[in-house]
Structures are given as structure tokens and as C-alpha cells.
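J.: What follows is the residue order along each chain.
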Amino acid sequence: DTGVSQNPRHKITKRGQNVTFRCDPISEHNRLYWYRQTLGQGPEFLTYFQNEAQLEKSRLLSDRFSAERPKGSFSTLEIQRTEQGDSAMYLCASSDTGGHSPLHFGNGTRLTVT
Amino acid sequence: AQKVTQAQTEISVVEKEDVTLDCVYETRDTTYYLFWYKQPPSGELVFLIRRNSFDEQNEISGRYSWNFQKSTSSFNFTITASQVVDSAVYFCALSSGGTGTASKLTFGTGTRLQVTL
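Residue numbers (the working numbering), protein chains in the order written: chain S, 1 to 114; chain B, 1 to 117.
There is no bait here: all hints are sound.
Here are the simulated DSSO-like pairs of lysine-lysine, each with C-alpha atoms no more than 27 Å apart in a straight line:
| id | chain 1 | residue 1 | chain 2 | residue 2 |
| --- | --- | --- | --- | --- |
| 1 | B | Lys3 | S | Lys57 |
| 2 | B | Lys38 | S | Lys11 |
| 3 | S | Lys14 | S | Lys57 |
| 4 | S | Lys57 | S | Lys11 |
| 5 | S | Lys57 | B | Lys38 |
| 6 | S | Lys71 | S | Lys57 |
Quick look at which bits of chain B chain S covers, simulated, 3 or more residues with Cβ under 8 Å:
| id | segment |
| --- | --- |
| 7 | 44-51 |
| 8 | 81-95 |
| 9 | 103-117 |
Since the hints were derived computationally from the structure, they do not count as laboratory data.
Every residue, glycine too, gets a C-beta built ideally from N, C-alpha and C.
Produce the entire structure from the sequences given, and follow the hints as far as they go.
T.: See below:
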């Protein structure tokens, strides 16, 4: 069990640029989640996958955000035309398919939009 | 709608003191799960405990204990004989829905615990 891995750890970008983050879940976990955490707040759910299928998206996920999980392994989260309000920590987590299984989180990608 | 409230923004204690972190939740579902996570300065959220809505038994794990009371919609967390390594932000979270539901957690705003020597 090597844990959930996220890359990059930090990303600084200019407003209007596109960015992409990667998450590698724990290998035996079928579910993969993306959360966003802003300073002083708890994480907020964005979306989750079961294998390669994206089963739910939060209303927080605007049209500028897209997530994929090809082949049900790693996942990418892309933000197009970044805005300053997108600055946050983006957290990836994975779990098995049991109901309400505990999530195993990665270290996150901190995005700063200037 | 679901909501988790952690009214204590920050708590400071001296090592070896006991400390209780409060968590109050709201949900209309009868099946739900409650969680506590620890977020140390390194940033990675660490799972501590999960309880389901049908099991109100309190739980103890070493210096950690949890008190779940459905009557007051609370799931409080106590650290006994706190240590400096306990310094972190602690989050309470709620996941509701049927037993096969994915863990779409609603988190509270967290309580920052500072333990000093």
C-alpha cells in the first residue's frame, strides 16, 4: 500500500491558463474522489469515479472543470481558463466499494492563480 | 441538506491535559455515517474513526475516545493526556444515504488543536 499520490504538489499559474493535476489512487481501490479545500475550511466534494465511470459531480464543479479516469486507474482534473477563485488545495482520495468506506487522501495539489 | 458544525475554531492546551472537540451534525437521512479526520501540518488528511447511525456505542482507541449521541446529533472526540504530536486540525464529517453509498463527505470547518509543553 503506497498510498494516494498527487502531482504536482504545488502549481502557480496565471489567470486564464489551463492546469491539469494527476492522482494515483491506492491500486486496489475502485472509487476515486476529488475534493477542494480553501484556507480555513473543510474539504468540499467535487466529483467521484467508480472504476472509469464518473458517477456524480457537485454543483461546485463548473463547466471549466473536467475530470477523467481512463481505464479506472489514475485520474486527472483539468481546470480551463483559471480564475483567482480557483486557488485552493485540490485533494484526491480513494476507497474500496463498500458503503461509506473511509477515504484515504493524498497530500493534495496546492493551486495558486495570480 | 447535510451540515456539520464544529463551533470550536481553535483550542490550546498544555501537554497531558484532556481535550474534547465538539461536532454537531444535521441530516434528514436515517442511515448515515460519521467520521473524524486529522490534518497535521504536512496536510494529508488521516482517517481516525467511522461510526454508523445505528451504533451509538462509545468507542475508545488508546488515548482517543468518541461519544456519539443521536439525541443531540453530536459526535464528540476526546483526547486524553494530550501530546504535542496531537497538534493538528481535526475535521468531523458526515456521509449519508443507503448502505452502498459512496463516501461523499460533508466536512465541518475543523478545529485547530495546539498542544504545548
